[in-house]
Amino acid sequence: MTLSEAKQAVVEDFSMFDEWLDKYEYLIELGKKLDVFPESSKTEDKLIKGCQSRVWLDSKEEEGKIFFKADSDAIITKGIISLLIGVYSGRSAEEIADDDFAWIEEIGLRENLSPTRSNGLASMIETIKKKADSSRNNG
Amino acid sequence: MKEWFPQLSEKVYGKPLVYLDNAATSLRPQSVIDRWTEMSVKYNSNLHRAVHYTAAKATGEYEDARKQLATFIGAKPSQIVFTSGTTASLNLLAFSFGEYCVGEGDEIIIAESEHHSDIVPWQMLCQRKKSVIKVLPVDDTGHLCIESLPSLLTEKTRIVCVAQVSNVLGIVNPISRIVDICHSKGIPVLVDGAQGIVHFPVDVSEIACDFYVFSGHKMYAAPGTGVLYASGDWLEKLPPYMGGGEMIGTVKWPGSSYAPAPHKFEAGTQNISGVPTWCPAIETVEALRARDTRMSGIRDYVLESLHAIEGLRLYGEPARPEEKIPLFSFTVEGVHHEDLALILDKMGIAVRSGQMCAEPLMDRYGVTGMLRASFAAYNTMQEAEYFIESLNKAISMLK
Chain A
1 MTLSEAKQAV VEDFSMFDEW LDKYEYLIEL GKKLDVFPES SKTEDKLIKG
51 CQSRVWLDSK EEEGKIFFKA DSDAIITKGI ISLLIGVYSG RSAEEIADDD
101 FAWIEEIGLR ENLSPTRSNG LASMIETIKK KADSSRNNG
Chain B
1 MKEWFPQLSE KVYGKPLVYL DNAATSLRPQ SVIDRWTEMS VKYNSNLHRA
51 VHYTAAKATG EYEDARKQLA TFIGAKPSQI VFTSGTTASL NLLAFSFGEY
101 CVGEGDEIII AESEHHSDIV PWQMLCQRKK SVIKVLPVDD TGHLCIESLP
151 SLLTEKTRIV CVAQVSNVLG IVNPISRIVD ICHSKGIPVL VDGAQGIVHF
201 PVDVSEIACD FYVFSGHKMY AAPGTGVLYA SGDWLEKLPP YMGGGEMIGT
251 VKWPGSSYAP APHKFEAGTQ NISGVPTWCP AIETVEALRA RDTRMSGIRD
301 YVLESLHAIE GLRLYGEPAR PEEKIPLFSF TVEGVHHEDL ALILDKMGIA
351 VRSGQMCAEP LMDRYGVTGM LRASFAAYNT MQEAEYFIES LNKAISMLK
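Chain order of the listed sequences is A and B. At position 61 of the first sequence the residue is numbered 61 (this note's numbering), and the sequence of numbers has no breaks. At position 75 of the second sequence the residue is numbered 75 (this note's numbering), and the sequence of numbers has no breaks.
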């Protein structure tokens, strides 16, 4: 699946929900299914601290692609992490760095990700972008 | 109540707003909004510094607010310093008091349940003066360990800082006993009344504390309004915090003299439109107190309903209900406070979640944050029931 196909798939999934609570229920389900992030990897350097939820983000590069792993102590945040990883993990640095992240707005999650919510998600997106940028510049 | 507080008619996400974040800031009554607007529209002029009509009018309104506040808390007008809020009052006091009588090795005692505004200014002072902070602990139920207070007091203790009601625990602290213990050793007491004064009458001469601080915006007045009250001649003794504006006596190159208190502490242009809103705010507090005794019913209902929720831990467990203001901070086992707050938000309910500006207290209870619902006199039993019902629904979604 290409990046734009992956984004389109998420937008289509979310278009089925009329009600906010349904969206949250879906995110909670995604959050529960997110790949296990080992407790031993939840180190201070991977922690993005917020007043609300905490987010841990880890990344590695293999054969020109960046792979992300992440976790949170809050389940809705975890659901959103699952979406972000599904869309961006395993893409090239160029693809990620050039992306506009507009799909987040399209599915109505912009407010959940705004820095004023003071959770780690806004910083997580920044970290993903920075990782892609530095990887592209080094490559 | 909707005619009094227009924001109560607002909708969020198409649902009626249920505002339960009153401990952060209260809603404004129409009378406050009207006074605020009137001051900006008709009487905008700087204070104390001109002979023209509008300046005299604005100054009159400003000083009338001081008189009304003094009556409201049982003080003299000259003992009331206007600030921008509780945080500003605490910073002013920590600086001026520190300059006056805190030196190397001296000790400041702060309750473990204090919010950051009553911790950080004292830490800044300690850094400057090489003085030390000692902590008065809270127990598991959220009560201050008063019995350990006498042993904390030494010859080096300069001041004891404690909230009348913690913004997290909601328990009314035994201030008079604390004051008695401290005064018996000649140690002054600062009381942070930000969460107390809106919920019950306060008479500073009865409390007999040395300093009492509170915010206007938590008791219906305009934001950017606050008070520092000081008993006796403290304000005469303490040096000013900021210089400039009308806080001066005379200014010459070799040095300046200062205006008498309280003006000595009111440097620069003051909150011309905001301060006069203290008057309608006080009238609102008094009117609500006179007409309404529902709050204890709401408090008891919420307390009982929260106790009935499995896995819920309340922080600030009262020994008897009267000890608690209608402010409830809690966590639910296996459920994150942010998730609860996000879902309640979509149901139209505004609650606070997170560390609530009291990180040391979060550490004390071993949590990264809590959820807090805080009620005001305009909240209804219907809203309390909707909150409990929504909370149960949110928990079942998340578990």
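To be clear, the hints were calculated from the coordinates, so they are not data collected in a lab. Among the hints, a few may not be true.
[To be verified] Each computed EDC-like pair below joins lysine to aspartate or glutamate, with the alpha-carbon atoms no more than 20 Å apart:
(1) B/LYS393 / A/GLU19
(2) A/LYS33 / A/ASP45
(3) B/LYS346 / A/GLU29
(4) A/LYS60 / A/GLU94
(5) B/LYS346 / A/ASP18
(6) B/LYS15 / B/ASP34
(7) B/LYS393 / A/GLU29
(8) B/LYS393 / A/ASP22
(9) B/LYS399 / A/ASP22
(10) B/LYS130 / B/GLU147
(11) A/LYS60 / A/ASP45
(12) B/LYS393 / A/GLU25
(13) B/LYS15 / A/GLU94
(14) B/LYS399 / A/GLU94
(15) B/LYS15 / A/ASP35
(16) B/LYS346 / A/GLU19
(17) B/LYS67 / B/GLU104
(18) B/LYS346 / A/GLU25
(19) B/LYS15 / A/GLU111
(20) A/LYS129 / A/GLU94
(21) A/LYS69 / A/GLU29
(22) A/LYS60 / A/ASP35
(23) B/LYS11 / A/ASP35
[What the hints assert, rightly or not] Quick list of simulated restraints, FRET-style, between CB atoms:
(24) B/THR25 / A/LEU47: 24 to 34 Å
(25) A/LYS60 / B/LYS393: 33 to 43 Å
(26) A/LYS60 / B/GLY243: 53 to 63 Å
(27) A/LEU47 / B/LYS393: 51 to 61 Å
(28) B/THR25 / A/PHE17: 30 to 40 Å
(29) B/ALA350 / A/LEU47: 23 to 33 Å
Idealized CB from N, CA, C, for every residue including glycine.
Hints that the structure is at odds with (numbers, increasing):
2, 6, 10, 13, 14, 15, 17, 23 and 27
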